[in-house]
Amino acid sequence: MPAHAAESMVEEVFRRESGRVLATLIRLLGDFDLAEEARQDAFTAAVEQWAATGVPANPRAWLISTGRNKAVDRIRRDAVFRSRVQGREIASAEADAAAVLDESDDSAFGDDRLRLIFTCCHPALSNEAQIALTLREVCGLTTQAVARAFLVSEETMAQRLVRAKKKIRDAGIPYETPEPPLFNQRIQGVLAVVYGVFTEGYAVTTGTRLVDAELCGEAIRLGRLLDELLPRNSAVLGLLALMLLHDARRPARESHEGDVILLEDQDRTLWDQAKITEGLALVDRALNIPGQLSPYAVQAAIAALHVRARRKEETDWPQIVGLYEVLLRLQPSPVIELNHAVAVSMVDGAARGLDLVDSLRGRGQVNEYHLLHAARGRFLQQLGRLREAGEAYRTALGFATLGPERRLLAARIASIEKMSAAMNSGAACRSDVSGV
Amino acid sequence: MQYLLLIYSNEAEMAGRSPATIASMTAEYTEFTKGIIQAGQFKAGDRLKPTSAATTVRVRNGQVAITDGPFAETREQLGGYYLVEAKNLDEATAIAARIPGAKIGSIEVRPIWPPMA
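The listed protein sequences correspond, in order, to chains H and S.
Counted the way my numbering counts, the first sequence spans residues 1 to 436.
Counted the way my numbering counts, the second sequence spans residues 1 to 117.
The set of hints was computed from the structure by calculation and includes no laboratory data.
Glycine included, every Cβ here is placed at the ideal spot set by N, Cα and C.
Where hints are given, some of them may not hold.
To be verified - So the derived list for chain H, only partly shown, Cβ under 8 Å to chain S, looks like this:
# : residue
1 : A124
2 : D170
3 : G172
For reference, chain H alone in the conformation it holds in the complex:
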């Protein structure tokens, strides 16, 4: 077969299998770097050999077997790799070749992908390291792409990854899926990493752009992978639903100039209906798993209520308030309390919302959160207390780091100043009287 045909065939197989191949090679070889080299070698060999032989019946098994053999060669030649695998047995090529060829069972490979995810998200690694390692090893992003996503240099990200893998080796972090007693705690860690990737993409925390679609896409892909590997898990379903419902609104969230468009002002015709349909179905499933109610599922249910409203006036705020109260019982948090206060204000008015926010502020937990002050500003503005509203927005601006959000707050401040000026000059009263 011509060389370019073989290459495109291998590319196709790479897209489908490269993640699974890596996960299994890491288990067989006991080392991330060695496994990556082995995978590379295997795919290179595939390009060379499949041109003549065609694609094997079980390409995955072929790649793993080839990769492992190449690794054994590498270990013999390379002292660094030798020292890393010292003390561990890489089962002899022949004995295991048969076993590997029999492992066409998807569940065996699924287990390896789960092991990989749990290892990358191990609590003994720093949060930064968990996210970097997951994006690189599980999602297959290049180091450069991960660096770009987190606005650091490629060198910095490469070092972060090197340190993370060194910690895994030095401290003896096992390549295992945790046993039942620890499983629930550890899955929360994994979901936190996935959600961390998503929120980083949804509102890039420093810099000029508001959303990074690629990161959101990777997070959703990770969510789908977890759903495939851990079916009927309320937290997994809930998180996937939450991400899809948020992501559905992405096209309407940012103006051409890169400004924030708040939910209430978004053009709902721009929302992605396919993602909404999928998200709504997942919320239903997430809420109906006996014995499990995850905070992610409740958050997704809230997002679902927003998304069901064709116009903002149709939003079922009382239900949303109720859901926030459920959420607060499951997972008390000042940020959720703030969201609850905003929802309450939509039902009971700005004064009530302001009371709740001020009580939150009084407890001193989130006073550096720009959205707290922005919310205060909104309530005060609605109550006609313009000077105080302006002060609150200014405080919010002091804490806001995102360009588009800062512009929005500055615009609010400017509009309040204009309103105050108009009121002071009496112009508003005159125009009211004249009926203009």
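Assemble the complex: chain H is given as a structure, and chain S must be docked to it using the hints.
Just chain S, lined up with the frame of chain H:
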């Protein structure tokens, strides 16, 4: 793999404990130690005298400097240790979590370099 489990706690707070509390903690430690011996995980372990009894030695430019106290003032101080044999980090952290001092202080889990071949 071998791990050193370093038991840190705030000495001032520990000094303020009642005799009953001390007795109960001692009993818990005895129980815990027996358990890991039986499991074949225990290699060594000791309780250290407080940092008031510590002395720090540094040699610089051939001069031996001896000073009173621990190497640095810290919020929590080293009070004891266990040297354990564990399959991997998860097994080591599981052991550390059962150390009675983990409930009030911090246990640092440090892997030990394997002996030079």
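The hints, checked one at a time:
Contact between A124 of chain H and chain S, as hinted, is supported at the beta carbon level, the nearest pair being about 6 Å apart and thus within 8 Å. Because the beta carbon of D170 of chain H sits about 6 Å from the nearest beta carbon in chain S, less than 8 Å, this interface hint is met. Interface restraint check for G172 of chain H: the shortest CB-CB distance to chain S comes to about 5 Å, inside 8 Å, so the restraint holds.
Figure legend: structure checked against the earlier numbered hints; every hint is met.
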